[in-house]
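Enquirer: From first to last, the protein sequence lines are chains A and B. Take the first sequence: its position 43, counted from the start at 1, is 86 in our numbering, and no numbers get skipped. Take the second sequence: its position 338, counted from the start at 1, is 356 in our numbering, and no numbers get skipped.
Keep in mind that the hints are not guaranteed to be accurate.
Said to hold, decoys possible - Now the stretches of chain A that chain B is said to cover, found in silico as 3 or more residues with beta-carbon under 8 Å:
1. 281-294
2. 345-356
To be verified - With a Cα cut of at most 27 Å, we get these calculated DSS-like pairs of lysine-lysine:
3. B:114 to B:165
4. B:362 to A:198
5. B:42 to B:114
6. B:233 to B:105
7. A:198 to B:334
8. B:105 to B:90
9. B:105 to A:198
10. B:345 to B:362
11. B:42 to A:198
12. A:357 to A:243
13. B:334 to B:362
14. A:243 to A:198
To be verified - Across the chosen pairs, the derived CB separations fall in these ranges:
15. B:226 to A:209: 34 to 40 Å
16. A:218 to B:312: 34 to 40 Å
17. B:147 to A:60: 18 to 24 Å
18. B:147 to A:135: 43 to 49 Å
In case anyone wonders, no lab produced these hints; they're calculated from the structure. For every residue, glycine included, the Cβ atom is placed at its ideal position computed from N, Cα and C.
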Amino acid sequence: MTAGEVTQPKPQGFRIQDLPGKIWSNYVLRRIVRALVIIWLITTIIFFVIRLMPGNAFDLMVADMVVNRNMTEDEAKIRASSLLRINFNRPIGEQYLEYMSNLAKGDLGYSFINNNRTVQELLAQKLPWTLFSVGTSLMISFTLGMLLGMIAAYKRGSWLDHLITNFAAAMDAIPQYIYAIVLVLLLGVIWKIMPVMDMKGVLSPGIKPGFTFEFIWDALMHLRVPAFVYVLSTVGNWALSMKSSTLSTLGEDYVTVARARGLSDSRIITSYVGRNASLPLVTALALSVGFALGGSVVIESVFNYPGIGLELSKSLSNRDYPMLQGIFLITTTSVIFTNLIADLIYGWLDPRIRIAGGE
Amino acid sequence: MMLAQQETNLPPTISIKNLSIDYKAKRGQVQAVRNISFEVDRGEAMALIGESGSGKTTIGLGVVGLLPPTAKIRQGEIIYRRAADGKIVDEIDVLKLNPQQIRQFRWKECAMVFQGALNAFNPVLRISDQFADTASAHNALRGMALKERATEILHMVRLDADRVWRSYPHELSGGMRQRVLIALSLLLEPQLIIMDEPTTALDVLTQRNIMDVLKDLRKNLNFSLIFISHDLSLAAELADKVSTVYAGKIVELGDVYTVFRNPYHPYTIGLIHAVPTLAGRKEDLTSIPGSPPDLINMPTGCKFHPRCPLADDQCKTQEPDLEEIGKGHRVACWKWQTARETLKRFKAS
């Protein structure tokens, strides 16, 4: 402190009115608070969409039951209320509080079509398969895409670069269902490399879930083709993003200086180019993970893979509103949470983000 | 150079002979460096002065083997000599090194401090890590020895070593970063340092500060320096020898006092007159008319003739070679004997 500076008395001890400021000045806490606020906003919006909007889910359910299940309107209303866990006879404020407290307890109501099964129970059953399939595929696709992108950037202008870039662009443009259909046709029907039955579902008949080699192996075998489709349809995007990111990093002064400092190529590729080039991809990866929890509707439908995506398409066609609500809640919160994690990882990867009091 | 004196009888730290470097461009060959030769003695500082695009930086990049893939060294040799205990222990033909050898050569033997050091450090690594990276790439210091050496050289560039050591690059100001880079260049005690416009893009006070640091370092340490700049006054302050580079060629070379007092090449004369002095009158300032030549389609004869008020038919057709006109003073100009007088008369009229 220089002599000219005015010294201010430092605040002594903890004061409650400082708390919001303290939380706000901390990078990690600020992100967490922000994520929680967004989740609260989304659940509130979902409540109002279901409960209050014209043409809302409740009215549609009631109409559906009156028409298709020969219920009276009152019966239908009671049934819909119990399924959605909303008591419509009470004032809106109380309904909202009840809905929120149910959510906090993890109570998402009952599925419309699977009688007497709770939404959370069904989701808990489907979620692991989606996590397993999309998680594995995403990791393969991301790693492969980063590698290809870096190779293309390092060998820019060469035939390898043209090959990777053009293939990546083409593969990125082809929709998933085309890959799925073509693969099933080629592998199962034309070349007969593997039985079509092996591509469907998650397990062969008779395999019991458990922590056994047999189970894991069978699950992986059933994942081969769906994962391949997923990787084919997403790897191009990763490769192209990584290529452009690497190219701009390679042009940075610090890479030239690193070479002038005599650093080994491997050190430059990993810590100087790779680490900086992958920064922008971290956010994209987190978003993908978030959306991945919603499952891949196309892949799971084609391969009859019992994950969240297949459940979503079933619920849509059966107008299973409680189930849809649950899936949307899961998807949105997971996107927000993975974004939060991305922000935290980003702050750890890039010290420039850790502003004011974070460290 | 107190330390240098005992070594003056040794051959130069670096000798560049007939070096020519081209860049491949869509329109044709860019002749960035044309048949350049010079030497830098032990402990000596040589300034390369010229406008942007005159090929100064290309020379520097050539010495450390960092030319972009589009560049091609057409001819010449770069000989670096390492001295120890008053004699030459190693003589390296830089252009003949394989990739692994050139990697070892960089920074250990010849460090290059780049312009625009704002972005010279990896933003995600602490300064300490970047020092450690450099040291371990050359199997040099580690652990406490590294920390001690770093503290020592960070002090030399007048930085708070403890604070800088733990910092990330973005936590330091531009001037501090430039000084850290200069400190880092000293880490492995190279015998040759190339500084490419080390004070460009910094404000005047910071620039002053860095120049003071550099002068200190030259006084206290024994390294040879190639100082690349467009700023004549900085060169005059720091260097022992000056070369004026025009269109990829050295047009005048000599001892710093001689060149500044008695410049012979119209381009050097022009450069000196283009710099304002505190005591000088504004009317004395003149800029050199025209702009640097297109290095792809160069003018015939002397490359400076389109901008030179003295040019005649000989200048337009024949390119002059460097000619020794005094002790260690060489000029490439047909009109050198009369250039200063004639230019003075032009200005008066």
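Enquirer: Cut-off 8 Å, C-beta pairs, minimum 3 residues; does the coverage of the segment 281-294 of chain A by chain B stand?
Expert: The restraint on the segment 281-294 of chain A is violated, since only 0 of its residues have a Cβ under 8 Å from chain B and three are required.
Enquirer: State whether the coverage of the segment 345-356 of chain A by chain B holds or is violated, taking the criterion as 3 or more residues with Cβ-Cβ distances under 8 Å.
Expert: Since three or more residues must qualify, the claim that chain B covers the segment 345-356 of chain A is violated, with 0 doing so at under 8 Å.
Enquirer: Assess, step by step, whether the Cα of residue 345 of chain B is no farther than 27 Å from the Cα of residue 362 of chain B, and give holds or violated.
Expert: holds, 25 Å
Enquirer: Given the hint that residue 42 of chain B pairs with residue 114 of chain B, does the C-alpha gap stay at or below 27 Å?
Expert: Roughly 21 Å between the alpha carbons, so the hint for residue 42 of chain B and residue 114 of chain B holds.
Enquirer: Cβ-Cβ distance between residue 218 of chain A and residue 312 of chain B: within 34 to 40 Å?
Expert: Since the Cβ atoms of residue 218 of chain A and residue 312 of chain B sit about 51 Å apart, the hinted range of 34 to 40 Å is violated.
Enquirer: Is it true that the CA of residue 105 of chain B sits at most 27 Å from the CA of residue 198 of chain A?
Expert: Since the Cα atoms of residue 105 of chain B and residue 198 of chain A sit roughly 44 Å apart, the hinted pair is violated (cutoff 27 Å).
Enquirer: For the pair we were handed, residue 362 of chain B and residue 198 of chain A, check the Cα-Cα distance against 27 Å.
Expert: At roughly 56 Å apart (the allowed maximum being 27 Å), residue 198 of chain A and residue 362 of chain B break the hint.
Enquirer: Do the Cβ positions of residue 147 of chain B and residue 60 of chain A conform to the proposed distance bound of 18 to 24 Å?
Expert: violated, 40 Å
Enquirer: Is it true that the CA of residue 105 of chain B sits at most 27 Å from the CA of residue 90 of chain B?
Expert: violated, 33 Å
Enquirer: Residue 334 of chain B and residue 362 of chain B: Cα distance at most 27 Å?
Expert: holds, 22 Å
Enquirer: CA of residue 357 of chain A to CA of residue 243 of chain A, is that 27 Å or under?
Expert: Status holds; Cα separation ~17 Å.
Enquirer: Are the Cα atoms of residue 42 of chain B and residue 198 of chain A separated by 27 Å or less?
Expert: holds, 18 Å
Hints 1, 2, 3, 4, 7, 8, 9, 14, 15, 16, 17 and 18, counting from the list given before, are not met by this structure.
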